[in-house]
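Visitor: These protein sequence lines map, in sequence, to chains A and B. Terminal number for the first sequence in numbering that gives the first Met the number 0: 466, no gaps in between. Terminal number for the second sequence in numbering that gives the first Met the number 0: 466, no gaps in between.
Worth flagging that the hints you see were computed from the coordinates, not collected in a lab. Predicted, not measured: the structure shown is a model, and the values here were computed from it. There's no promise every hint is true.
Chain copies aren't distinguished; within one or between two, either way the pair holds.
Claimed, not checked - For lysine to aspartate or glutamate, the following DMTMM-like pairs were computed, each having C-alpha atoms within a straight-line distance of at most 20 angstroms:
hint, residue 1, residue 2
1, K125, D306
2, K266, D330
3, K290, E226
4, K317, D301
5, K317, D403
6, K290, D301
7, K266, E278
8, K273, D330
9, K343, E400
10, K290, D395
11, K290, E225
12, K273, D403
13, K317, D306
Protein chains: 2
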Amino acid sequence: MGTVTRLVRNETGIGVVLETLADLFGDRFSSALSVREQHGHTTTRIENQPPDGVVFATTNEEVATVVRLCAANGVPVIPFGTGTSLEGHVNAPAGGISIDLSRMDRILAVRPEDLDCTVQAGVTRKRLNETLRDTGLFFPIDPGADASIGGMAATRASGTNAVRYGTMKDAVLALTVVTPDGEIVRTGTRARKSSAGYDLTRLMVGSEGTLGVITEITLRLHGIPEEIAGGVCPFPSIEAACETVITTIQAGIPIARIELLDALQVKAVNAYSKLGLAETPTLFVEFHGTKAGVAEQMEIFDAIAADFGGGPAAFATKAEERTRLWQARHDAYWASVGLVPGWKGTSTDVCVPISQLAACVTATQEDIAASGLIAPIVGHVGDGNFHVLVLADPADAAMNETVDAFIGRLNERAIAMGGTCTGEHGVGQGKIAYLPAEHGGALELMRAIKRAIDPHAIMNPGKILAP
Amino acid sequence: MGTVTRLVRNETGIGVVLETLADLFGDRFSSALSVREQHGHTTTRIENQPPDGVVFATTNEEVATVVRLCAANGVPVIPFGTGTSLEGHVNAPAGGISIDLSRMDRILAVRPEDLDCTVQAGVTRKRLNETLRDTGLFFPIDPGADASIGGMAATRASGTNAVRYGTMKDAVLALTVVTPDGEIVRTGTRARKSSAGYDLTRLMVGSEGTLGVITEITLRLHGIPEEIAGGVCPFPSIEAACETVITTIQAGIPIARIELLDALQVKAVNAYSKLGLAETPTLFVEFHGTKAGVAEQMEIFDAIAADFGGGPAAFATKAEERTRLWQARHDAYWASVGLVPGWKGTSTDVCVPISQLAACVTATQEDIAASGLIAPIVGHVGDGNFHVLVLADPADAAMNETVDAFIGRLNERAIAMGGTCTGEHGVGQGKIAYLPAEHGGALELMRAIKRAIDPHAIMNPGKILAP
Chain A
0 MGTVTRLVRN ETGIGVVLET LADLFGDRFS SALSVREQHG HTTTRIENQP
50 PDGVVFATTN EEVATVVRLC AANGVPVIPF GTGTSLEGHV NAPAGGISID
100 LSRMDRILAV RPEDLDCTVQ AGVTRKRLNE TLRDTGLFFP IDPGADASIG
150 GMAATRASGT NAVRYGTMKD AVLALTVVTP DGEIVRTGTR ARKSSAGYDL
200 TRLMVGSEGT LGVITEITLR LHGIPEEIAG GVCPFPSIEA ACETVITTIQ
250 AGIPIARIEL LDALQVKAVN AYSKLGLAET PTLFVEFHGT KAGVAEQMEI
300 FDAIAADFGG GPAAFATKAE ERTRLWQARH DAYWASVGLV PGWKGTSTDV
350 CVPISQLAAC VTATQEDIAA SGLIAPIVGH VGDGNFHVLV LADPADAAMN
400 ETVDAFIGRL NERAIAMGGT CTGEHGVGQG KIAYLPAEHG GALELMRAIK
450 RAIDPHAIMN PGKILAP
Chain B
0 MGTVTRLVRN ETGIGVVLET LADLFGDRFS SALSVREQHG HTTTRIENQP
50 PDGVVFATTN EEVATVVRLC AANGVPVIPF GTGTSLEGHV NAPAGGISID
100 LSRMDRILAV RPEDLDCTVQ AGVTRKRLNE TLRDTGLFFP IDPGADASIG
150 GMAATRASGT NAVRYGTMKD AVLALTVVTP DGEIVRTGTR ARKSSAGYDL
200 TRLMVGSEGT LGVITEITLR LHGIPEEIAG GVCPFPSIEA ACETVITTIQ
250 AGIPIARIEL LDALQVKAVN AYSKLGLAET PTLFVEFHGT KAGVAEQMEI
300 FDAIAADFGG GPAAFATKAE ERTRLWQARH DAYWASVGLV PGWKGTSTDV
350 CVPISQLAAC VTATQEDIAA SGLIAPIVGH VGDGNFHVLV LADPADAAMN
400 ETVDAFIGRL NERAIAMGGT CTGEHGVGQG KIAYLPAEHG GALELMRAIK
450 RAIDPHAIMN PGKILAP
């Protein structure tokens with residue numbers, strides 16, 4: 000991933016656009032290198048390709064103005080939320096204008112009776128949940144980072160709660176989108192379901208800014224459960240942990256979170272978050288429901304784990320114990336990076352049918368060992384989704400080549416097992432190479448849609464589809 | 000709806016295609032009027048527009064052959080499952096070839112460990128559930144009719160269980176689709192979630208055969224709950240019933256079914272199914288879970304209903320009592336048609352945010368009364384979705400005009416309340432007129448997608464998008 004395709008820059012068009020934006024937006028426009036680099040890619044080994052300028056938009060109309068100006072001059076548009084995406088989504092390989100949506104941060108409506116809300120794209124998930132707290136509702140999608148809702152929609156994010164509450168594809172009811180020709184359109188309605196034509200909402204969710212700029216999102220919310228309990232459960236092997244997951248889900252236990260940490264990952268979180276867990280494959284679990292329901296779920300889970308030689312689980316019903324545990328889970332990235340001071344981590348994810356999970360994780364661990372890499376594994380195993388955080392010395396070119404080759408094999412392995420090259424990170428620049436193997440002839444349908452909606456290819460070029 | 004746009008027929012192309020298909024398919028091809036009329040629209044007042052010929056396909060390759068032949072000759076292709084759609088989806092306004100998929104009825108794989116299965120498009124939902132029974136799994140989407148899985152995917156069907164288990168958009172993991180140029184492509188994988196590019200699966204689900212022919216479907220399955228209990232609960236008013244629904248859902252009760260019947264609908268099912276219920280607005284409910292969980296859910300529901308002056312609920316835990324109740328619910332259509340012997344029924348559906356449900360149902364009842372119509376209402380109220388079965392004397396032109404005008408107002412009312420002109424029936428021919436009001440500028444995106452994927456407009460022309 001050291002080499003990313005460079006697209007052709009339209010110098011003349013970019014010059015016109017920069018000058019016009021400076022006039023229109025004043026100090027809400029910047030072409031300073033530091034600002035531009037903050038809006039290029041910063042979170043992985045993919046090199047930073049900064050845009051030519053950054054606009055801090057505050058309204059749908061402003062976004063439309065910028066897009067129309069860019070469209071008229073053949074200049075790329077790159078939507079930007081919080082910059083926490085992992086596959087080079089916000090890079091500007093052909094230059095262009097980054098539209099920073101972080102100042103579109105208003106919660107436009109919360110409707111407790113409908114269990115929904117409408118927010119601007121720059122609202123982050125944590126702030127939304129802080130605002131919702133008094134209503135007894137919450138927004139369950141939790142990718143770890145405090146990402147913007149717009150960015151989460153654009154990458155079809157999910158995270159630890161997805162096994163119960165679904166992903167952004169399930170959470171989004173409706174969108175406001177600025178199209179590549181600068182029209183402001185609404186997709187979907189607040190009705191819970193509809194059969195009224197093509198599902199444009201689901202098409203835009205996960206389109207990574209390549210079909211338009213998502214500016215407002217209407218989200219499904221959920222009632223905060225009466226009771227929440229969670230815990231950790233050690234296992235003798237990856238297989239035993241995975242069998243427990245499969246059986247738990249087959250038994251219809253509505254488990255809210257079920258996360259697998261391999262032994263190395265447990266070692267990393269022990270060191271980073273001072274947890275003192277046994278350094279063996281471990282499931283972090285959480286149950287939501289009524290008091291009686293949660294007690295029943297925990298009991299059944301414990302029995303299933305015991306059947307596979309796991310447990311006993313240590314459950315925590317107190318909010319602060321639970322928070323500490325899940326904070327440790329969320330800090331797994333930093334814990335892993337901390338394993339080798341000075342090295343950098345590359346986070347990659349794949350997702351396979353759950354029956355293939357143990358085989359895929361085990362083969363991946365063997366590959367890691369054979370490659371001489373250090374790479375803890377953590378997974379949203381209820382969905383068959385797992386992450387590998389591959390560490391490498393940034394100065395060691397050979398090691399980085401080994402990492403690239405390992406990531407390639409990981410993706411091919413997941414696809415060969417009937418899975419996908421990314422469960423939740425998205426394609427960006429980093430996963431483009433794997434789409435032909437995964438989608439085959441369907442990739443041509445994606446290209447046809449891209450050409451139809453963005454005929455001048457100005458929307459986030461070089462992402463998802465090869466140029 | 001007496002007048003449906005007639006598209007231009009391509010007589011020369013049709014002649015060539017009919018001759019070739021007769022040669023290729025022998026007795027699996029028919030141009031007999033009776034067969035053609037069975038494959039035109041039969042289930043509502045929309046007039047029957049039969050295709051020119053019907054092919055009974057048995058493989059993906061045969062479907063691809065037919066589509067390629069039709070594409071080469073500019074002849075329409077109309078996919079056909081069981082013909083139970085309600086808005087003219089299978090009509091052939093420009094003639095063409097109906098591809099009957101009912102003989103593609105193989106269940107290709109059931110994978111209990113992954114809670115999924117893959118079926119050919121012609122498998123019906125009842126047969127799938129019969130086959131699954133021994134595995135402890137079931138397929139929850141239940142639109143009433145014993146529709147084909149392909150047809151259910153094509154219309155984004157849902158039904159009584161959707162409040163808990165979602166709609167076909169949630170149930171479908173992956174598809175095999177024959178594209179308008181006769182390529183066989185696969186969308187999606189068996190992974191539970193993916194961020195690997197545009198969500199073609201969700202684009203095809205609900206596209207009503209206008210973007211390709213769905214030939215195989217991979218579906219999510221669910222474990223048969225340990226305990227199922229259901230019952231009926233009477234209410235003094237529509238408002239009281241709707242408030243009970245809203246509160247039940249806000250409380251996080253994972254109710255599996257919650258159906259509203261208005262007083263007239265109860266009267267109809269009493270007469271048809273000999274139920275003896277009080278003829279007042281009534282909720283039919285069903286709870287799934289563990290024994291303790293279901294008992295708890297019923298108790299909480301009963302308390303909520305009492306708060307709004309409803310109840311007491313009469314619960315049935317015995318399978319046969321429950322079956323009788325839900326059979327009566329499913330027979331609501333026939334029960335309603337039976338209210339006036341000799342008249343015909345038109346079933347239409349809309350869906351609104353749940354907070355608007357009581358207002359929408361009440362305004363609709365007032366409209367029915369003011370229009371002098373007979374039209375019972377039944378709804379999947381957990382989703383804000385309701386159906387009106389409007390009765391009319393087929394020989395009375397004025398009455399049928401009144402029905403059309405009423406249906407128009409119903410759709411406009413739902414859209415004005417933030418809802419959709421169809422929650423689950425689909426657009427077909429009958430709802431095309433309402434899409435501009437519902438989708439505004441987004442309709443142009445749908446047209447762009449249609450042009451991109453089906454440039455020669457051969458796939459089910461005259462459906463969803465106006466010609």
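Visitor: A separate judgement is required for each hint: does it hold in the structure or not?
Guide: Hint-by-hint comparison with the structure:
Taking the shortest alpha-carbon separations for K125 and D306, neither the intra-copy value of 38 angstroms nor the inter-copy value of 34 angstroms comes in at or below 20 angstroms. Taking the shortest Cα distances, K266 and D330 sit within 20 angstroms of each other inside one copy (13 angstroms), while across copies they are farther apart (60 angstroms). When the C-alpha separation of K290 and E226 is checked against a cutoff of 20 angstroms, the pair qualifies both within a copy, at 5 angstroms, and between copies, at 18 angstroms. Proximity of K317 and D301 under a CA criterion of 20 angstroms is satisfied intra-copy only: 19 angstroms inside one chain copy versus 30 angstroms between copies.
Proximity of K317 and D403 under a CA criterion of 20 angstroms is satisfied in neither setting, with 42 angstroms inside one chain copy and 59 angstroms between copies. Proximity of K290 to D301 under the C-alpha cut-off of 20 angstroms is found in both arrangements, the shortest distances being 17 angstroms within a copy and 18 angstroms between copies. With identical chains, the CA atoms of K266 and E278 are at most 20 angstroms apart within one copy only, with a shortest distance of 6 angstroms there and 65 angstroms across copies. When the C-alpha separation of K273 and D330 is checked against a cutoff of 20 angstroms, the pair qualifies only within one copy, where the shortest distance is 12 angstroms, while the shortest distance between copies is 61 angstroms.
Taking CA atoms no more than 20 angstroms apart as the test, K343 paired with E400 passes inside one copy only; the shortest distance there is 14 angstroms, against 71 angstroms between copies. Proximity of K290 and D395 under a CA criterion of 20 angstroms is satisfied in neither setting, with 53 angstroms inside one chain copy and 59 angstroms between copies. Taking the shortest alpha-carbon separations for K290 and E225, both the intra-copy value of 7 angstroms and the inter-copy value of 19 angstroms come in at or below 20 angstroms. Proximity of K273 and D403 under a CA criterion of 20 angstroms is satisfied in neither setting, with 32 angstroms inside one chain copy and 69 angstroms between copies.
Within a single copy, K317 and D306 get their C-alpha atoms no closer than 27 angstroms, and across copies no closer than 32 angstroms, so neither meets the 20 angstroms cut-off.
Figure legend: structure checked against the earlier numbered hints; hints not met, in rising order: 1, 5, 10, 12 and 13.
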